[in-house]
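**Student:** Given the coordinates of chain A, assemble chain B onto it according to the supplied hints.
Chains as they are written, first to last, in the working numbering: chain A, 1 to 115; chain B, 1001 to 1111.
Just so you know, these hints were derived from the structure itself, not from any lab. Take these hints with a grain of salt, some might be off.
Unchecked claim - Just a few of them, taken from the derived set where beta-carbon distance is under 7 Å, the chain B residues facing chain A:
#1 G1043
#2 L1044
#3 L1046
#4 F1090
#5 F1101
#6 G1102
#7 A1103
#8 G1104
What the hints assert, rightly or not - Straight-line C-alpha distance at most 20 Å; calculated SDA-like pairs for lysine to any residue:
#9 K1042(B) / M41(A)
#10 K57(A) / K1042(B)
#11 K1042(B) / Q22(A)
Every residue gets a Cβ at the ideal spot worked out from N, C-alpha and C, and that includes glycine.
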Amino acid sequence: NAGVTQTPKFRILKIGQSMTLQCTQDMNHNYMYWYRQDPGMGLKLIYYSVGAGITDKGEVPNGYNVSRSTTEDFPLRLELAAPSQTSVYFCASSTPGLAGGGEQFFGPGTRLTVL
Amino acid sequence: AQSVTQLDSHVSVSEGTPVLLRCNYSSSYSPSLFWYVQHPNKGLQLLLKYTSAATLVKGINGFEAEFKKSETSFHLTKPSAHMSDAAEYFCVVNADYKLSFGAGTTVTVRA
Chain A
1 NAGVTQTPKF RILKIGQSMT LQCTQDMNHN YMYWYRQDPG MGLKLIYYSV
51 GAGITDKGEV PNGYNVSRST TEDFPLRLEL AAPSQTSVYF CASSTPGLAG
101 GGEQFFGPGT RLTVL
Chain B
1001 AQSVTQLDSH VSVSEGTPVL LRCNYSSSYS PSLFWYVQHP NKGLQLLLKY
1051 TSAATLVKGI NGFEAEFKKS ETSFHLTKPS AHMSDAAEYF CVVNADYKLS
1101 FGAGTTVTVR A
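Bound conformation, chain A alone (with noise of 0.2 Å):
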């Protein structure tokens, strides 16, 4: 199994660009999520997905759009890059789930800068 993997590994974006950060994992999960983390701060929530076809918001959604057509990906979408958004962006599978207590297995991460 790859578990959970990410591309691109780093991007660099100008302001008001968009991109599409892809997350796949291949442990048939039912949960997944996004994170960012910015230097020296834990991970903060932005998105995440209780299985295909619904997600819903984190602590810090504004900027980004998720979608969950299959179990398998989570993209997310950065419509109108900000330098606010210089980031590392982790994504995440689990089950059962966060109320189960059930591990979280994470990717390497993208390394977003915003010019």
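**Tutor:** What follows is chain B alone, placed relative to chain A:
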């Protein structure tokens, strides 16, 4: 609401000496608690978790943590540090379907 406070932003230890990373939490619900480790330029790896079973939890690589409800603490310990333990450590609380991360503790290990 829930939150996590890691009391030390940086811990430096000598190889072979004990490691203590302190974590306090607040939660309106009975929480699940985790410790994750992040090596440089890597994703997060679960060290151990507490989910209302035994209060002393053993994890990977010789780490363990004790849940103390009266003190709202979940401190992480290891009896003897190894050079490979140099990393960032995050205490995480899970309650009400949301995860809250502490700011992290950077551990450096001196030879």
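**Student:** So which hints don't hold here, by number, going up?
**Tutor:** Result: hint 10 breaks, nothing else.
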